[in-house]
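Asks: One-letter residues, chain by chain:
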Amino acid sequence: NAGVMQNPRHLVRRRGQEARLRCSPMKGHSHVYWYRQLPEEGLKFMVYLQKENIIDESGMPKERFSAEFPKEGPSILRIQQVVRGDSAAYFCASSPSIATKAETQYFGPGTRLLVL
Amino acid sequence: DQQVKQNSPSLSVQEGRISILNCDYTNSMFDYFLWYKKYPAEGPTFLISISSIKDKNEDGRFTVFLNKSAKHLSLHIVPSQPGDSAVYFCAASATNSGGYQKVTFGTGTKLQVIP
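Chains R and E are the protein sequences, given in the same order.
Quick note on our numbering: the first sequence kicks off at 1 and runs consecutively.
Quick note on our numbering: the second sequence kicks off at 1 and runs consecutively.
Chain R with its partners taken away, still in its complex shape (with noise of 0.2 Å):
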């Protein structure tokens, strides 16, 4: 039974290219949730999603951040143009339902992102 699957774990890019991150959420799991890890911060809130529908990127930056769920594969978050404070951990959980409880958000082993 695979944990949650994140890929590819180390990600370089040049500033100004495209980043495209991806989540497989643990079998019978429809819900992801993407986090970001800053240097020296803790794990942040970006966007939860279910198949298909957004249902709240409060946490997203308003600009060149997007993420989708599609009814096949796995979850992208997608970050257009990088710059440097793009740098990061970003890191996928995936629930069987509606987290109602905190912890049936099970993580994945994130990818880290260096914008040189």
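None of these hints come from the bench; they were simulated from the model.
Some clues are possibly wrong.
[Unchecked claim] The list that follows gives simulated cross-link-like pairs (lysine-lysine, DSS-like), each with its CA atoms no further than 30 Å apart: (1) R:Lys101 - E:Lys5; (2) R:Lys44 - E:Lys54; (3) R:Lys71 - E:Lys110; (4) R:Lys44 - R:Lys27; (5) R:Lys44 - E:Lys110; (6) E:Lys110 - R:Lys51; (7) E:Lys110 - E:Lys5; (8) E:Lys102 - R:Lys101; (9) E:Lys54 - R:Lys62; (10) R:Lys71 - E:Lys102; (11) E:Lys110 - E:Lys54; (12) E:Lys68 - R:Lys44; (13) R:Lys101 - E:Lys110; (14) R:Lys51 - R:Lys101; (15) E:Lys102 - R:Lys62; (16) E:Lys68 - R:Lys101; (17) R:Lys51 - E:Lys37; (18) E:Lys54 - E:Lys71; (19) E:Lys37 - E:Lys71; (20) E:Lys68 - E:Lys5; (21) R:Lys101 - R:Lys62; (22) E:Lys56 - R:Lys44; (23) E:Lys5 - E:Lys102; (24) E:Lys68 - E:Lys110; (25) E:Lys102 - R:Lys51.
All values derive from a computational prediction rather than experimental measurement.
Starting from the structure of chain R, add chain E where the hints point.
Replies: Just chain E, lined up with the frame of chain R:
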């Protein structure tokens, strides 16, 4: 604006002794508190939680204490073991109108248990 604060970035404890990790929060709307453990190159894994209606929750070697009036919680690990060496994140959540909990994390405390 760091709503969940862990003021000690690191802590070293001798094996067999008690480890005490502290956490403060500022948002009175938080009604659920959690501790996560994180090893390098892995995601956080849930350790223990406590509801705001309680002041203590125990699970084996791990006990979480909550002082609502002080907006403070702590995690006690006793006895500490070398395998407990990891980064520990304090987290807090509030159930919003959508019925789900959005989790706010602290900056983490790196615990080293010395054999």
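Asks: Broken hints, numbered, in rising order?
Replies: 3, 6, 9
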